[in-house]
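Colleague: One letter stands for each residue in the lines below.
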Amino acid sequence: MTGSEAMAKCLELEGVEVVYGYPGVAIANFFDSLGNTKVRQVLVRTEQNAGHMASGYARTKGTVGVCAVTSGPGALNLLTGIATAYADSIPLVCISGQVESDLIGSDGFQEADVTGAAESFVKYSYLVKNVNDIPRIFREAFYIANTGRRGPVLIDVPIDIQRAEIKSFEYPEGVNLRTYKPTVKGHIQQIKKAVSELKKAKRPLICAGGGIFLSGAKKELRTFAERYDIPVVHTMMGIGVLPTDHELNFGMVGNNGTVSANKAMQECDMLIMVGARVADRAVANPDTVLDNKVLVHIDVDPAEIGKNIGPTIPIVGDAKTIFTDMKELEISVNTVAWIEHLKEYRRLPDPLRFSDKAVNPAVFIGLLSQEMADRSAYVADVGQNQIWSCRNANIRDKGRFYTSGGMGTMGYAIPAAIGVKMADRDRQVVAVCGDGGFQMSMMELSTMKEEKVDIKIIVLRNNYLGLVREYQHYSLNDRYEMVRLGGYPKLDALAAAYDIVYYRAENMEGIDEKIKSFLTTDGSALMEVVVDPQDTVK
Amino acid sequence: MKKIYTVLVENRSGVLSKVSGLFARRSFNIDSLAVGTTDDPNVSVMTIVSSGDERTLEQIEKQLNKKLDVIKVKTYDETEAVARELMLLKVKYNKSNRKEIMEIVDAMKADIVDMSEALMLIQICDRPDRTAMLIRLLNQISITEIARTGTLALPKCE
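Going down the list, the protein sequences come from chains A and B.
Here the first sequence is numbered in our numbering, starting from 24 and rising by one per residue.
Here the second sequence is numbered in our numbering, starting from 880 and rising by one per residue.
Just chain B, same shape as in the assembly (with noise of 0.2 Å):
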């Protein structure tokens, strides 16, 4: 099972390092992690996405409620939530794979925005299941680089 769990904490130095470490010293399961300010610049946010059984995402809940830093947890599923995940790919193409690697880029909603004579900057922003497919399409081709957000997700509005 999977969940995502929205945690504000107060935006104080070592905080992050509390909250991975809990998850490491408990043995939980981190997908991804994601950390930023919110509007308020003195509460952080951050977007965990964890896997497990229910009585150790329940767990990660209480034990996440518990720690002194954190103001407040949300947890919902993946199906609640509007999930996307930033991703930065390089690659490495030359004449005869050029355009197999435009096809992709276009089939996949992604862009370029970087290029050289032998390496393309190629940049998606969607859900999490597909910049997973966007890697194993462009992995048969050559990736060189990788730089990703991890998942970043909103309860849905309704």
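So here's chain A without its partners, still in its complex pose (with noise of 0.2 Å):
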């Protein structure tokens, strides 16, 4: 058995599905041997989008997502796929293949010290010495990139590696880390602190992230919730993890955010954080949010706690883990008041004002997610769609919103949504893009024909790089460079070529029907949505 053919087999005995990917001499061993196994390779376009489309994967599934690229270019293609992964705590293992063992530091043809370059943003790395070493390194990446704080773990292996013989193969049961051992459950002591502060609270508060998803506490949360009655605020990573419309969901808190997940952050005198890594554009201040309150911070990362707010209770775990163990302890709080008056924030009107002159994007979305099945995926991408999107979007119990929230890399939306259609064939998957991001990742079109994947495709169309156009608006004194999307192309014409239904919308003109047309378009679809350039998100 060649190396090649141990890494195949290693992917088998882990499960995997699929590999996205893209090759070059340097890994062309690996796929060579995937290809005589059950495990479906996926050719993207470009390797950034693998990364992408395993990480769309990988949140669908609640499996690692795998991707595998050639040395050199191509694993530097792949790296701001693996930083996107690293920076929402999305589990994969990526592949690369590097030149020969004994050329690595000659600067060959297609060499790049992947390794040191990704150092930054991997959960851990691999560089392959020794083929034999191949059946431990691949159980341990799949183990560590899916256990504790999810992220991606990177493998490269030069490419005679790849091309030696092993001595045996066995696959190891489990892994022996000393350095690794994640706490999962909550410390009780930790628990019971929290218990009695929120038996005293008037206001509690419940702020949840991504982490949610990523335990699988979604369910637990809610019980929590509704059984003592504590409003919810989330993340831009925690959007879905209580339905939009539900009774305690008060909005997604930050800058970006609605006045009453804001208000309710400041009012409330407990707050608990789970899953949520109090970034700066969730909480900009983080220092006066702990004024008059009782800060309880629930992640399964130690190093999240304390590293941007002051914690007061810290309680280092597993989400869902740690939801069952509170359920346990009788609890009782009266909050009605308290949502009563959290309320009437919900009430007040958004300010935001749109042109009459084009589509309404906050109308035009709220009315798109009405319109989604009950079991589908919202996938936003980066910009002033994004922002649009998580606050007008209408998310149920068994739909899923996703977009690149820690890294906000534009192009993310339509490789993740390959990704999450690939893991869940009967999911309606919608991407809603700018015209910048759209341009960006526009390529994988033919990856999504190829894998006969149904995708719905919104381009929100206003010509302009628009969240920075904002910003020139408001700092920079209305000077618009380098913003200004020319050489458009012409979308119909796209959809032609790739043999994809288009649509288009130039105002709210019979909207609804034109949004239920696209929506029930057998095969992919895309629509052209006319924005005003003037319309913001502030």
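Mixed in with the good hints there might be a few duds.
As the list claims (entries may be wrong) - To spell it out: a stretch of chain B is covered by chain A in this simulated footprint if at least three of its residues, at any positions, have a beta carbon under 8 Å from a beta carbon of chain A; those stretches are:
id : segment
1  : 910-921
2  : 933-942
What the hints assert, rightly or not - Some chain A residues flagged as far from chain B (calculated, every beta-carbon gap over 10 Å):
id : residue
3  : E123
4  : S191
5  : E196
Simulated from the structure, these hints should not be mistaken for lab results.
Built from N, CA and C at the ideal position, the CB exists for glycine as well.
Starting from two chains that each stand alone, build the complex the way the hints lay out.
Modeller: Given below as structure tokens:
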């Protein structure tokens, strides 16, 4: 058995169903071996998107997403995909080919120090030096990626190692990592302390982040919030932890969040942060948030607790386990007045005004998400389209919302949507992009066609890189440098080129009907939605 | 504030760059860093001295613990430690300042370990503040070369 056959065997044993990738000579042996297994190989059109597809797949399946690329430029193109996954704690195993072991360091053809380059945004990385280490390394990589705080693991495999004969293939049953023992179960004394504070609280609040999905704690969070009537706000990565129209859901926090969520954050006397890392976009002034309140911070990564905000009660562990343990303890809190008070804020109208010359993106997104199936996925790209989506999309109980929250990587939506759909073929998948992000990722339309995945794509068109334009409007005296998208492709012709049904909305007339036929199109569809460049998110 | 970190790590290639890269990436200071193997050849020990505010110093410990090649981190103040630094200094001398240099070496409990007609090689093994003091004193004369280990430290026995 060769090294590449061993690699393929490892993936089979890990239950991997699909590998997203792009070949080059330095990884061709691996793909050759993988061709002899049942693992599906998906050829992407640029390596970064292999990372995003694996991310969409992993987030939907709750398993590890896998991608494989060649050495040098292939691996470097994947870096953005890896960093995007790292910022949102998505479990990936990324395999890169490398030049011959004894050429490493000689600046050979297509050589790059990818483990070095990726070091600060991988959970761990390996450069394989001995073919006999392959089974252990792969076993460890999958374990590390999908336990504790999830994240990407990189395995760099020189081509001679892929070709070499392995002495004997034995896949280890477990891992033996003395330096890695993530804490899953929360400390019971800390939990009791939190509960006794909760008993005293008059205005408790839960702020939930993407960690809820990663730990599979959606049900537990909902049960907990409903049982004790505790209002919930969420971060961008936490959209969908509770249905948007759930009575206890007061919306997204942060500088792009809702009034009710931010007021709730300010006025609560007890804040339970769970699976959220108190990043700058969610909590602008972490030091002032703590005024007059008790903070309980639940996170599986101890380094997140106290990083940006001083914890009063830290609980290190997995959200699901901790909610289950908390449920065992008797708590009664009367939050009727608090909730009524917060509802007042919810009734405040959204201060944003939109142009009536084109499609109103806020109303459009609201209608679109209402029309989407119960079991659907809303995949938002990055930019104004993302903020409008976060604030207006209605995500139901069985729905999911995906976006690149931490890294804000443009061009995430279409490849991620392909990964989502491949992980769950029965789910309706809608990708919402701006015209900047769309042009960064439109090469994947051919992957979409080739893999026969049915994605509905919205392009909010304003011919500008809108979020930067907005910044220039507010902070740079309306000097619109580098943001106008000229040389614009005809999207109808583009859709035709890829054999995709095309729709266009220039204004709100008959928009309901258009959305309905767009969503019910047989196969993929692209809808160009014209919005006014003057429309803003602030 | 200053803290000393004794970090036990897996003795693998690339670990030093992973740890020092962590400090660079997160804008943590490295006042000094010394590495060597331990009684167990699979384990290396890094002694890192860093300074910063309380939150930063706590983050350093947590981020170090998060690294998968890090086995154990011990954190302590200078006051809780026995800290030493070994330093070699080359000094240019002449007849008029030779005596003065030898007096400084004596007073600082340093040693002259090598010598030529124009150069002296001085060795000192002492607390980091005293090695710094020796540099200050000899700087007024003429230091031509310097080599130092950086702070090595262990927590006091009691």
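Colleague: Would the least Cβ to Cβ distance between E123(A) and chain B come out above 10 Å?
Modeller: 18 Å, holds
Colleague: Minimum Cβ separation between E196(A) and chain B greater than 10 Å?
Modeller: E196(A) clear of chain B: closest Cβ-Cβ about 20 Å, beyond 10 Å.
Colleague: Taking 8 Å as the Cβ threshold, is the statement that the segment 933-942 of chain B is covered by chain A upheld or broken by the three-residue rule?
Modeller: holds (count 5)
Colleague: Are all C-beta atoms of chain B more than 10 Å from that of S191(A)?
Modeller: S191(A) clear of chain B: closest Cβ-Cβ about 24 Å, beyond 10 Å.
Colleague: Go check the segment 910-921 of chain B versus chain A for me, would you? Three or more residues, Cβ under 8 Å, otherwise it fails.
Modeller: violated (count 0)
In summary, the one numbered hint that this structure violates is 1.
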